[in-house]
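Using the sequences and the hints given, assemble the complete structure.
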Amino acid sequence: MSLSRKEVEHIAALVRLELSDAELDLFQHQLSSILDHVKSLQGLDTRGVEPTSGILSAQSRLREDVPNVGLKKAEVLLNAKHKKGDQFRVPPVFGARDE
Amino acid sequence: MSELTALEVRELIPLLSAGKISSLELTRAFLERIQSLEGSLHAFITLTPELALEQATRADQQWSKAGSGPLPPLLGLPIVVKDVLSVKGVRCTCGSRILEDYTPPFTATSVQRLLEAGVVVLGKTNTDEFAMGSSTENSAFGVTHNPWDLSRVPGGSSGGSAAAVAGRLAPAGLGTDTGGSVRQPASFCGISGLKPTYGRVSRYGLIAYGSSLDSVGVLAHSAEDIAALFPLMAGYDPRDATSAQEPIEPISLQAREILKGVRVGVPEEYFREGLQKDVENAVRTAIAKMESLGAEIRAVNLPHTEFALPVYYLIAPAEASANLARFDGIRFGMQPDADTLLERFVQARSQGFGPEVKRRIMLGTYALSAGYYESFYRQAQKVRTLIKRDFEDAFRGVDVIAAPVAPTTAFQIGGHSGDPLAMYLEDIYTLPANLAGIPALAFPVGFDGAGLPIGMQLMGRPFAENQLLESVHVFQQHTDWHRKTPPAR
Numbered sequence: 001m002s003l004s005r006k007e008v009e010h011i012a013a014l015v016r017l018e019l020s021d022a023e024l025d026l027f028q029h030q031l032s033s034i035l036d037h038v039k040s041l042q043g044l045d046t047r048g049v050e051p052t053s054g055i056l057s058a059q060s061r062l063r064e065d066v067p068n069v070g071l072k073k074a075e076v077l078l079n080a081k082h083k084k085g086d087q088f089r090v091p092p093v094f095g096a097r098d099e
Numbered sequence: 001m002s003e004l005t006a007l008e009v010r011e012l013i014p015l016l017s018a019g020k021i022s023s024l025e026l027t028r029a030f031l032e033r034i035q036s037l038e039g040s041l042h043a044f045i046t047l048t049p050e051l052a053l054e055q056a057t058r059a060d061q062q063w064s065k066a067g068s069g070p071l072p073p074l075l076g077l078p079i080v081v082k083d084v085l086s087v088k089g090v091r092c093t094c095g096s097r098i099l100e101d102y103t104p105p106f107t108a109t110s111v112q113r114l115l116e117a118g119v120v121v122l123g124k125t126n127t128d129e130f131a132m133g134s135s136t137e138n139s140a141f142g143v144t145h146n147p148w149d150l151s152r153v154p155g156g157s158s159g160g161s162a163a164a165v166a167g168r169l170a171p172a173g174l175g176t177d178t179g180g181s182v183r184q185p186a187s188f189c190g191i192s193g194l195k196p197t198y199g200r201v202s203r204y205g206l207i208a209y210g211s212s213l214d215s216v217g218v219l220a221h222s223a224e225d226i227a228a229l230f231p232l233m234a235g236y237d238p239r240d241a242t243s244a245q246e247p248i249e250p251i252s253l254q255a256r257e258i259l260k261g262v263r264v265g266v267p268e269e270y271f272r273e274g275l276q277k278d279v280e281n282a283v284r285t286a287i288a289k290m291e292s293l294g295a296e297i298r299a300v301n302l303p304h305t306e307f308a309l310p311v312y313y314l315i316a317p318a319e320a321s322a323n324l325a326r327f328d329g330i331r332f333g334m335q336p337d338a339d340t341l342l343e344r345f346v347q348a349r350s351q352g353f354g355p356e357v358k359r360r361i362m363l364g365t366y367a368l369s370a371g372y373y374e375s376f377y378r379q380a381q382k383v384r385t386l387i388k389r390d391f392e393d394a395f396r397g398v399d400v401i402a403a404p405v406a407p408t409t410a411f412q413i414g415g416h417s418g419d420p421l422a423m424y425l426e427d428i429y430t431l432p433a434n435l436a437g438i439p440a441l442a443f444p445v446g447f448d449g450a451g452l453p454i455g456m457q458l459m460g461r462p463f464a465e466n467q468l469l470e471s472v473h474v475f476q477q478h479t480d481w482h483r484k485t486p487p488a489r
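Those protein sequence lines, which keep their order, are chains A and B. Here the first sequence stands for residues 1 to 99, numbered as in my numbering. Here the second sequence stands for residues 1 to 489, numbered as in my numbering.
No wet-lab data here; the hints were simulated from the structure. Just to be clear, a hint being listed does not mean it is correct.
[Said to hold, decoys possible] Partial list, derived from the structure: chain B residues whose beta carbon lies under 7 Å from chain A:
#1 Leu-31
#2 Arg-58
#3 Gln-61
#4 Ser-64
#5 Tyr-102
#6 Thr-242
#7 Arg-326
#8 Asp-339
#9 Thr-340
#10 Lys-388
#11 Pro-420
Glycine included, every Cβ here is placed at the ideal spot set by N, Cα and C.
Printed below as a string of structure tokens:
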């Protein structure tokens, strides 16, 4: 199963990666060969088989809806390089930076 | 080697609790050994000598004050922690450039419980980036070397913890196992490693890779050593929604001297083409040893074993692609200056992630994308059900299942570079336990012609960690593979 270069570019855009030409070549080749291997599953008859999405999902339960102590604001912001007061600061979604 | 660093957990605990050695002298001995060997092994990403000495000093003070009163069970015992588990105030990189400067504001539950039991943290160990790999070569912070042969990999992704324990830089280490990342490095380094049942040990504070597969485990010299740590880490944690509520039963290692009554299943699917001859021979000899100790050996079938690799390499990357979406360059990790939000995302991720991580998030996103979801991701989840059922069927007739850990012994550094699929094949025998969520314990059973360690694993029913530890303890009472040490350095 071979991925086209255009498909690889499309996936890279979806996962927010900018790839060099060399990376695009490499991943096109490597992902194609991995997909070749994993497609062996497609021949298997799984009609009537329930998918497994988690191991203990049948047991999961809700906790009591009571507030508990979380991180302090300073801890939440500890690793942020761009911030303003108690908030994360991000570049504008569109257009030029507004300083 | 200082005599202290030659000692194992089972020997150190009674010495510490009797006050025959202090935590400070023990911690200093390990730090000195790390200093002399880290240059050749490179087992660590971050060393924490100041933290360790402070914790050791506090442990010794606690010991002095306790008098004849009860002491925390591991008081003063030094350990190492894989650098994907959060320790408050200590940077946690996950082996990735994107987290090079990240300092977690909280501690993982698994680590926190051991700290409450008295351990001292010597440092954070090397790992494949975000635990994606089988050799620890995918780390952004350099390659870890196998103490048995420095030209070879220690396995991965918990290769730093495995090399540290095998090289006697620490008596025990924490690792994580999503597809074999505790067991395979334990096998390559000639030590023991437990992957618990999914949900048995809290994942809180573990930076997520494959959320339905990730488990936190222990690497040490023997089942007995692992049994000293594991029950203290395990058990329900309200901070992990998938944490299991099953009670932790005490482990009774002294209860059995032989394996009478233990039915050991041997799946022929694990002994096919691709298995190195020395590995097969050592594993079969170990199974015969178990039989001579009273175990009943039975053939079992796990017919969907060959599909574990394709199932895993769809499900794990799919989960990874979702988990790693949080690395957006806004709240933590690499946060480049950029003119727009999109540029910030793209720059942080393109500069911060290494090639294996990029490969897996692309593969996972592809498998989840419109048009491929049913034929790839959904189909993989269905085959996962078949693999899980294989084990349920097999465990109706046997108590544990014995198999090799990896098809080969430790390979040369660079041996699989450029061929991700060849690297993935290293995991074929370890992936099924993660997909089924069952516990598995790897332990050494011999050496190949080149003098490299060979590992075997026992897989058990869900929550049967104690049975695995007790059975392997019996085996280790009658063998000495786990007492072998790498060439002196």
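We went through each hint and held it up to the structure:
1. Leu-31: violated, 28 Å
2. Arg-58: violated, 23 Å
3. Gln-61: violated, 28 Å
4. Ser-64: Violated - the Cβ of B:Ser-64 stays beyond 7 Å from chain A, reaching only about 33 Å at its closest.
5. Tyr-102: Cβ of B:Tyr-102 sits 6 Å from chain A, so the hint holds.
6. Thr-242: holds, 6 Å
7. Arg-326: Not OK, violated: B:Arg-326 not within 7 Å of chain A, min 12 Å.
8. Asp-339: holds, 6 Å
9. Thr-340: This hint holds: B:Thr-340 lies near chain A, its Cβ roughly 5 Å from the closest one there, short of 7 Å.
10. Lys-388: holds, 6 Å
11. Pro-420: holds, 6 Å
In terms of the numbered hints stated before, the structure departs from hints 1, 2, 3, 4, 7, listed from lowest to highest.
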